[in-house]
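Number of protein chains: 2
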Amino acid sequence: MTTPADATDSFEADAPGQGDELVDLLVQTSFDVIAIVTRVGAEHDMSLTLVRMLGILRDRTLKAAELADYLGLERSTVSGLIDRAERRGFVVREAHSADGRSVQLRLTDAGQAMAKRGADEIAVRMAPLLERVPPRLRELLAD
Amino acid sequence: MTTPADATDSFEADAPGQGDELVDLLVQTSFDVIAIVTRVGAEHDMSLTLVRMLGILRDRTLKAAELADYLGLERSTVSGLIDRAERRGFVVREAHSADGRSVQLRLTDAGQAMAKRGADEIAVRMAPLLERVPPRLRELLAD
DNA sequence: ACTATATAGTTCGTATTACCAACTACACAG
DNA sequence: CTGTGTAGTTGGTAATACGAACTATATAGT
Numbered sequence: 001m002t003t004p005a006d007a008t009d010s011f012e013a014d015a016p017g018q019g020d021e022l023v024d025l026l027v028q029t030s031f032d033v034i035a036i037v038t039r040v041g042a043e044h045d046m047s048l049t050l051v052r053m054l055g056i057l058r059d060r061t062l063k064a065a066e067l068a069d070y071l072g073l074e075r076s077t078v079s080g081l082i083d084r085a086e087r088r089g090f091v092v093r094e095a096h097s098a099d100g101r102s103v104q105l106r107l108t109d110a111g112q113a114m115a116k117r118g119a120d121e122i123a124v125r126m127a128p129l130l131e132r133v134p135p136r137l138r139e140l141l142a143d
Numbered sequence: 001m002t003t004p005a006d007a008t009d010s011f012e013a014d015a016p017g018q019g020d021e022l023v024d025l026l027v028q029t030s031f032d033v034i035a036i037v038t039r040v041g042a043e044h045d046m047s048l049t050l051v052r053m054l055g056i057l058r059d060r061t062l063k064a065a066e067l068a069d070y071l072g073l074e075r076s077t078v079s080g081l082i083d084r085a086e087r088r089g090f091v092v093r094e095a096h097s098a099d100g101r102s103v104q105l106r107l108t109d110a111g112q113a114m115a116k117r118g119a120d121e122i123a124v125r126m127a128p129l130l131e132r133v134p135p136r137l138r139e140l141l142a143d
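Listed in order, the protein sequences are those of chains U and D. The first sequence begins at 1 in the numbering used here and counts up one residue at a time. The second sequence begins at 1 in the numbering used here and counts up one residue at a time.
It cannot be assumed that every hint is accurate.
Note that the list lumps identical chains together, so a pair holds whenever it fits in one copy or between two copies.
Simulated pairs of lysine to any residue, SDA-like, Cα-Cα distance not exceeding 25 angstroms [stated by the list, open to error]:
#1 K116 - L22
#2 K63 - L48
#3 K63 - Q28
#4 K116 - A68
#5 K63 - L25
#6 K116 - D20
#7 K116 - D24
#8 K116 - S79
#9 K63 - A98
#10 K63 - F31
#11 K63 - D24
#12 K116 - L25
#13 K116 - I34
Bear in mind the hints are in silico, worked out from the structure with no lab data behind them. Given the structure is predicted, the values throughout are model-derived calculations rather than measurements.
Generate the whole structure from the sequences, applying the supplied hints.
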């Protein structure tokens with residue numbers, strides 16, 4: 001039951017002890033990644049959440065409520081977030097064609113540019129992290 | 001130079017475009033992981049940072065300054081963090097044997113218990129995430 | 001040994017960001 | 001056309017992080 005051979009199945013998920021190393025690794029890596037994103041954001045005077053917002057809106061256009069769902073934040077919080085983003089010229093609030101209550105969010109050119117720039121910088125800083133992952137494995141992960 | 005065959009080397013790191021999907025995947029996953037840790041923490045009235053602190057002190061005993069380095073936070077911030085953790089009985093400040101300025105941090109039994117409990121709960125919630133990673137690959141990742 | 005400088009930690013004031021409750025405006029079912 | 005639900009905003013509050021100023025201890029230079 002505690003033999004290493006059992007480690008390949010996934011049914012010990014709620015029986016603590018087995019795959020914990022992998023979990024720890026993933027959690028630790030996640031903190032590293034978030035730290036990178038935070039730092040890149042800070043260099044452009046953007047909060048982590050704002051960076052995330054730009055990343056999300058980069059390839060979609062969403063209503064405010066949908067953005068809140070993506071971010072896992074309250075609508076009131078997102079409302080303020082949009083305020084700040086709008087003040088800096090990254091997004092515009094547009095009227096939704098079909099629903100008069102909704103606000104459609106769209107990145108401006110400046111917003112697109114900042115999103116791309118941020119993404120690039122994040123990719124660069126993550127290279128050291130990714131290099132710890134063997135190339136062959138990286139291919140597999142990329143599905 | 002931009003052929004897929006070259007994707008296995010890592011020299012395109014600062015030439016944006018190639019491994020971006022993998023980067024995006026990792027960033028997205030990281031946010032998911034942090035959200036899980038945050039939620040588990042919240043259920044025990046602990047901030048993300050406090051959860052992290054317990055996790056770090058679980059197998060080490062550190063000076064406050066070292067903890068600050070681990071967390072990437074200012075010492076003043078960590079001082080307050082320790083206050084809160086101490087008030088809740090998770091850690092104790094001990095005098096450092098060799099350096100009269102330093103504060104040695106040690107988890108109490110209650111702190112150890114909470115750290116373990118949190119870790120277990122996090123592992124459980126991360127199972128769905130990990131199941132998306134094929135078992136064979138998981139073995140590889142575990143090194 | 002003595003002074004100067006560096007480091008560890010705390011305190012205090014401030015900024016940011018998130019939440020919740022209350023409110024307005026619009027949508028849509030009956 | 002009335003009642004209920006949803007979208008978004010506003011205002012008040014709480015939590016957390018930062019930076020500057022300060023105390024105490026350590027260490028290097030002379």
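Going through the hints against the structure:
| no. | hint | result |
| --- | --- | --- |
| 1 | K116 - L22 | between (32 angstroms within a copy, 16 angstroms between copies) |
| 2 | K63 - L48 | within (20 angstroms within a copy, 28 angstroms between copies) |
| 3 | K63 - Q28 | between (33 angstroms within a copy, 20 angstroms between copies) |
| 4 | K116 - A68 | within (22 angstroms within a copy, 32 angstroms between copies) |
| 5 | K63 - L25 | between (35 angstroms within a copy, 23 angstroms between copies) |
| 6 | K116 - D20 | between (36 angstroms within a copy, 11 angstroms between copies) |
| 7 | K116 - D24 | between (31 angstroms within a copy, 12 angstroms between copies) |
| 8 | K116 - S79 | within (23 angstroms within a copy, 37 angstroms between copies) |
| 9 | K63 - A98 | within (12 angstroms within a copy, 59 angstroms between copies) |
| 10 | K63 - F31 | between (29 angstroms within a copy, 21 angstroms between copies) |
| 11 | K63 - D24 | between (36 angstroms within a copy, 22 angstroms between copies) |
| 12 | K116 - L25 | between (29 angstroms within a copy, 16 angstroms between copies) |
| 13 | K116 - I34 | both (18 angstroms within a copy, 23 angstroms between copies) |
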